[in-house]
Amino acid sequence: MRKPIITLLTDFGTKDHYVASMKGVILSINPQCTLVDITHEVHPQDVQEGAILLANAFSYFPKGTIHVAVVDPGVGGRRKPILLQTKNYLFVGPDNGLFTLAAKRDGVKQVIHLTHRKYFLPDISNTFHGRDIFAPVAAHLSLAINPRRFGNKLDHWVKLSLKEPEVKGKNLYGKILLIDRFGNLITNIEKEIFFRFIKDQPFQIRVREKIIRDLKRGYDEGKKNDPMALIGSGGFLEISVREGNAQEMLKMKRGDPIKISTKSQIPNPK
Amino acid sequence: MRKPIITLLTDFGTKDHYVASMKGVILSINPQCTLVDITHEVHPQDVQEGAILLANAFSYFPKGTIHVAVVDPGVGGRRKPILLQTKNYLFVGPDNGLFTLAAKRDGVKQVIHLTHRKYFLPDISNTFHGRDIFAPVAAHLSLAINPRRFGNKLDHWVKLSLKEPEVKGKNLYGKILLIDRFGNLITNIEKEIFFRFIKDQPFQIRVREKIIRDLKRGYDEGKKNDPMALIGSGGFLEISVREGNAQEMLKMKRGDPIKISTKSQIPNPK
Amino acid sequence: MRKPIITLLTDFGTKDHYVASMKGVILSINPQCTLVDITHEVHPQDVQEGAILLANAFSYFPKGTIHVAVVDPGVGGRRKPILLQTKNYLFVGPDNGLFTLAAKRDGVKQVIHLTHRKYFLPDISNTFHGRDIFAPVAAHLSLAINPRRFGNKLDHWVKLSLKEPEVKGKNLYGKILLIDRFGNLITNIEKEIFFRFIKDQPFQIRVREKIIRDLKRGYDEGKKNDPMALIGSGGFLEISVREGNAQEMLKMKRGDPIKISTKSQIPNPK
Numbered sequence: 002m003r004k005p006i007i008t009l010l011t012d013f014g015t016k017d018h019y020v021a022s023m024k025g026v027i028l029s030i031n032p033q034c035t036l037v038d039i040t041h042e043v044h045p046q047d048v049q050e051g052a053i054l055l056a057n058a059f060s061y062f063p064k065g066t067i068h069v070a071v072v073d074p075g076v077g078g079r080r081k082p083i084l085l086q087t088k089n090y091l092f093v094g095p096d097n098g099l100f101t102l103a104a105k106r107d108g109v110k111q112v113i114h115l116t117h118r119k120y121f122l123p124d125i126s127n128t129f130h131g132r133d134i135f136a137p138v139a140a141h142l143s144l145a146i147n148p149r150r151f152g153n154k155l156d157h158w159v160k161l162s163l164k165e166p167e168v169k170g171k172n173l174y175g176k177i178l179l180i181d182r183f184g185n186l187i188t189n190i191e192k193e194i195f196f197r198f199i200k201d202q203p204f205q206i207r208v209r210e211k212i213i214r215d216l217k218r219g220y221d222e223g224k225k226n227d228p229m230a231l232i233g234s235g236g237f238l239e240i241s242v243r244e245g246n247a248q249e250m251l252k253m254k255r256g257d258p259i260k261i262s263t264k265s266q267i268p269n270p271k
Numbered sequence: 002m003r004k005p006i007i008t009l010l011t012d013f014g015t016k017d018h019y020v021a022s023m024k025g026v027i028l029s030i031n032p033q034c035t036l037v038d039i040t041h042e043v044h045p046q047d048v049q050e051g052a053i054l055l056a057n058a059f060s061y062f063p064k065g066t067i068h069v070a071v072v073d074p075g076v077g078g079r080r081k082p083i084l085l086q087t088k089n090y091l092f093v094g095p096d097n098g099l100f101t102l103a104a105k106r107d108g109v110k111q112v113i114h115l116t117h118r119k120y121f122l123p124d125i126s127n128t129f130h131g132r133d134i135f136a137p138v139a140a141h142l143s144l145a146i147n148p149r150r151f152g153n154k155l156d157h158w159v160k161l162s163l164k165e166p167e168v169k170g171k172n173l174y175g176k177i178l179l180i181d182r183f184g185n186l187i188t189n190i191e192k193e194i195f196f197r198f199i200k201d202q203p204f205q206i207r208v209r210e211k212i213i214r215d216l217k218r219g220y221d222e223g224k225k226n227d228p229m230a231l232i233g234s235g236g237f238l239e240i241s242v243r244e245g246n247a248q249e250m251l252k253m254k255r256g257d258p259i260k261i262s263t264k265s266q267i268p269n270p271k
Numbered sequence: 002m003r004k005p006i007i008t009l010l011t012d013f014g015t016k017d018h019y020v021a022s023m024k025g026v027i028l029s030i031n032p033q034c035t036l037v038d039i040t041h042e043v044h045p046q047d048v049q050e051g052a053i054l055l056a057n058a059f060s061y062f063p064k065g066t067i068h069v070a071v072v073d074p075g076v077g078g079r080r081k082p083i084l085l086q087t088k089n090y091l092f093v094g095p096d097n098g099l100f101t102l103a104a105k106r107d108g109v110k111q112v113i114h115l116t117h118r119k120y121f122l123p124d125i126s127n128t129f130h131g132r133d134i135f136a137p138v139a140a141h142l143s144l145a146i147n148p149r150r151f152g153n154k155l156d157h158w159v160k161l162s163l164k165e166p167e168v169k170g171k172n173l174y175g176k177i178l179l180i181d182r183f184g185n186l187i188t189n190i191e192k193e194i195f196f197r198f199i200k201d202q203p204f205q206i207r208v209r210e211k212i213i214r215d216l217k218r219g220y221d222e223g224k225k226n227d228p229m230a231l232i233g234s235g236g237f238l239e240i241s242v243r244e245g246n247a248q249e250m251l252k253m254k255r256g257d258p259i260k261i262s263t264k265s266q267i268p269n270p271k
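Protein chains in written order, with my numbering: chain A, 2 to 271; chain B, 2 to 271; chain C, 2 to 271.
Hints may be right or wrong, so weigh each one.
Which copy? The list can't say, so a pair holds if one copy fits it or any two copies do.
Think about it this way: if two alpha-carbon atoms lie no more than 27 Å apart in a straight line, the pair counts; the simulated DSSO-like pairs of lysine-lysine are [to be verified]:
| no. | residue 1 | residue 2 |
| --- | --- | --- |
| 1 | LYS192 | LYS154 |
| 2 | LYS16 | LYS264 |
| 3 | LYS192 | LYS16 |
| 4 | LYS176 | LYS110 |
| 5 | LYS225 | LYS260 |
| 6 | LYS254 | LYS225 |
| 7 | LYS254 | LYS16 |
| 8 | LYS64 | LYS4 |
| 9 | LYS225 | LYS110 |
| 10 | LYS224 | LYS64 |
| 11 | LYS81 | LYS264 |
| 12 | LYS64 | LYS192 |
| 13 | LYS110 | LYS200 |
| 14 | LYS81 | LYS4 |
| 15 | LYS110 | LYS264 |
| 16 | LYS264 | LYS88 |
| 17 | LYS119 | LYS4 |
| 18 | LYS154 | LYS264 |
| 19 | LYS64 | LYS211 |
| 20 | LYS81 | LYS225 |
| 21 | LYS105 | LYS160 |
| 22 | LYS264 | LYS224 |
| 23 | LYS252 | LYS105 |
| 24 | LYS254 | LYS154 |
| 25 | LYS16 | LYS64 |
| 26 | LYS264 | LYS64 |
Hint data in this document are derived by calculation from the structure and do not stem from the laboratory. It should be emphasised that the depicted structure is a prediction, and the values quoted were computed from it without experimental measurement.
Given these sequences and hints, build the entire structure.
And the structure:
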């Protein structure tokens with residue numbers, strides 16, 4: 002049998018004992034698991050950021066991997082604990098939209114409301130379901146217990162409404178979805194949407210006062226201190242600076258706009 | 002046989018090669034170990050913080066887990082390297098109080114002075130016993146070598162004197178023990194002490210200028226921008242702000258006071 | 002058979018999904034691997050820092066360990082992807098000098114240009130060879146595939162020219178190579194070079210305005226708030242402050258000079 006893999010994505014950081022407690026709980030139930038951190042540095046309670054990072058990473062893991070994700074501002078309240086099964090993976094966490102993107106990409110098979118307390122820790126706090134519910138459920142799943150045994154099927158589950166890029170006339174309006182450690186500005190404009198929009202015409206990408214007129218294939222094609230555009234490793238349009246930091250140079254933050262224009266609609270840059 | 006688990010807690014951070022060197026040493030001696038990080042972000046040389054974080058996490062791991070902890074301002078000096086065996090766990094590190102809380106909770110069976118150099122690396126630096134003594138000792142322990150073979154039993158070992166909360170008349174005086182990534186203020190007042198003190202009477206919790214008059218059961222019961230009190234996942238009284246940061250809102254730091262009053266002693270909030 | 006170990010050293014940080022994607026790719030090819038992080042906090046695109054950290058850690062791992070290192074400003078450009086085999090280890094990453102120090106210490110057996118695409122991911126981005134080339138190559142290596150099957154032997158590979166300390170008359174000029182989490186200033190002066198230079202004579206170490214006249218054996222021998230010199234755990238001359246931070250106290254940064262003088266050449270400290 003394949004060695005079960007459980008990944009963890011949270012907003013817990015790594016300075017406290019929270020993540021380690023979850024790992025201890027998992028290993029107490031199934032010491033054979035391989036544990037892998039996706040990240041624990043999601044901004045506190047930023048469900049959307051968690052959803053994006055999870056979507057970027059989950060599909061590189063072997064089929065059958067169990068992904069536990071806990072960005073959970075509603076912990077202890079009315080939001081449900083769920084298990085979401087997609088075509089190839091299992092996801093465990095709060096029903097608050099965290100799985101929206103991953104589920105969309107891999108295709109949902111079923112969503113289970115976690116209610117069977119036999120698979121939880123004996124005492125459930127109101128503040129740390131990561132340790133008390135999600136970790137033990139994931140560990141039991143890794144022992145090949147059928148998802149249906151954890152609770153009843155849900156017909157409805159919470160989805161994030163992520164703003165998609167919008168086409169208005171000859172302009173495509175997007176925004177900065179994520180900024181990585183290198184200051185690369187990752188937009189919400191997927192490769193396919195970008196190429197379908199520009200249709201081999203000349204184009205202009207406008208970000209702040211900067212106009213970019215072509216697409217590079219790799220960072221090494223850019224000039225130093227000059228922002229360039231390219232398709233990043235996640236398949237999104239990205240603004241970068243060779244051996245530099247686009248976020249700092251352009252003074253951008255998450256959510257800031259980016260505009261792509263073709264032909265006659267190309268705006269006067271000032 | 003159960004797969005041996007070794008956890009690591011240090012103040013080494015993760016930017017340097019220190020933790021990786023320890024892991025390499027362990028895997029060179031026993032490649033079958035599962036390694037789990039508790040945290041490496043204990044403030045440099047803050048033994049008390051290390052002791053608290055270790056106490057919060059150790060008991061979630063399977064019985065028999067070996068916990069290596071290195072917050073070691075006295076490295077290379079006269080402090081002893083020790084192995085501390087409790088009812089269910091093994092702890093390896095410097096004899097400076099780091100194990101005080103965990104040992105108290107799990108019950109000490111024996112403490113061994115690590116002197117048998119056969120279980121150390123051949124060359125021992127004066128600055129990095131984590132790599133040269135504690136990692137190889139833990140790895141050898143994970144091979145089921147009897148603790149008694151690592152050195153002689155100690156009758157005395159160093160204990161931290163952690164300030165306990167104090168009752169004076171109708172007031173209970175505590176302090177902030179730890180502040181987590183979310184800015185939650187975790188006090189040194191354990192649940193049992195709190196409830197024994199208030200005895201179902203009305204109470205006031207005072208932190209800075211803020212007066213809190215009830216206990217919530219979870220973060221979701223709080224109001225935004227309004228500090229609340231609750232019992233946190235570690236069993237301590239905690240001050241939090243729903244979807245916010247209590248540390249920033251109340252401008253608190255570790256060690257700052259908190260005061261609980263009942264009935265007639267409830268102070269005039271000025 | 003020994004369980005294969007793959008280590009990872011990058012400048013990717015841990016807040017993004019990059020490192021997790023690499024781990025997912027590796028575990029998809031060989032789920033039996035033990036994965037260990039060396040560090041992911043190399044300063045962005047700082048190949049020299051990566052080379053030093055790798056050199057400090059690699060040799061503590063079991064023989065046969067596969068070290069993947071990705072600090073790769075030239076990704077997608079003309080720099081080659083390589084596999085470098087030393088006497089005891091395998092290294093996988095970009096041909097930009099990252100392996101210079103480790104290779105020098107362990108002795109190079111062969112360097113292979115990674116060209117055999119069968120061992121890569123099917124789609125290769127221009128921006129993330131860590132995931133698309135280096136991770137899958139390392140995973141295939143861990144399945145005991147012969148290094149020669151990954152591509153042709155290279156006669157030339159890129160080496161960093163690290164500035165070595167220089168002797169001029171009675172002075173030895175070095176610099177700060179690395180500053181660790183504790184603010185310890187690790188110089189480029191190896192123990193052997195230091196002792197060969199001073200030859201049992203009285204000496205002065207000058208760092209900023211501070212003069213140090215002896216070598217301590219451990220941190221505990223220093224005085225509080227007074228910088229001391231010692232040989233650190235990596236075998237280099239190091240400036241430290243007992244229970245303090247030498248970087249902050251002396252206001253030093255990487256690359257700053259340090260000067261050692263003997264006898265008559267001892268300079269007037271102002």
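Results for each hint:
| no. | hint | in the structure |
| --- | --- | --- |
| 1 | LYS192 to LYS154 | neither (35 Å within a copy, 37 Å between copies) |
| 2 | LYS16 to LYS264 | neither (51 Å within a copy, 38 Å between copies) |
| 3 | LYS192 to LYS16 | between (37 Å within a copy, 24 Å between copies) |
| 4 | LYS176 to LYS110 | neither (31 Å within a copy, 50 Å between copies) |
| 5 | LYS225 to LYS260 | within (23 Å within a copy, 35 Å between copies) |
| 6 | LYS254 to LYS225 | both (21 Å within a copy, 24 Å between copies) |
| 7 | LYS254 to LYS16 | both (25 Å within a copy, 16 Å between copies) |
| 8 | LYS64 to LYS4 | both (12 Å within a copy, 22 Å between copies) |
| 9 | LYS225 to LYS110 | neither (47 Å within a copy, 37 Å between copies) |
| 10 | LYS224 to LYS64 | neither (40 Å within a copy, 42 Å between copies) |
| 11 | LYS81 to LYS264 | neither (49 Å within a copy, 39 Å between copies) |
| 12 | LYS64 to LYS192 | within (25 Å within a copy, 43 Å between copies) |
| 13 | LYS110 to LYS200 | neither (36 Å within a copy, 51 Å between copies) |
| 14 | LYS81 to LYS4 | neither (29 Å within a copy, 34 Å between copies) |
| 15 | LYS110 to LYS264 | neither (44 Å within a copy, 57 Å between copies) |
| 16 | LYS264 to LYS88 | neither (42 Å within a copy, 60 Å between copies) |
| 17 | LYS119 to LYS4 | both (24 Å within a copy, 25 Å between copies) |
| 18 | LYS154 to LYS264 | neither (51 Å within a copy, 50 Å between copies) |
| 19 | LYS64 to LYS211 | neither (42 Å within a copy, 51 Å between copies) |
| 20 | LYS81 to LYS225 | between (49 Å within a copy, 21 Å between copies) |
| 21 | LYS105 to LYS160 | within (10 Å within a copy, 46 Å between copies) |
| 22 | LYS264 to LYS224 | within (25 Å within a copy, 51 Å between copies) |
| 23 | LYS252 to LYS105 | neither (32 Å within a copy, 42 Å between copies) |
| 24 | LYS254 to LYS154 | neither (39 Å within a copy, 46 Å between copies) |
| 25 | LYS16 to LYS64 | between (31 Å within a copy, 24 Å between copies) |
| 26 | LYS264 to LYS64 | neither (45 Å within a copy, 60 Å between copies) |
When the structure is compared with the earlier hints, violations turn up for hints 1, 2, 4, 9, 10, 11, 13, 14, 15, 16, 18, 19, 23, 24 and 26 and for no others.
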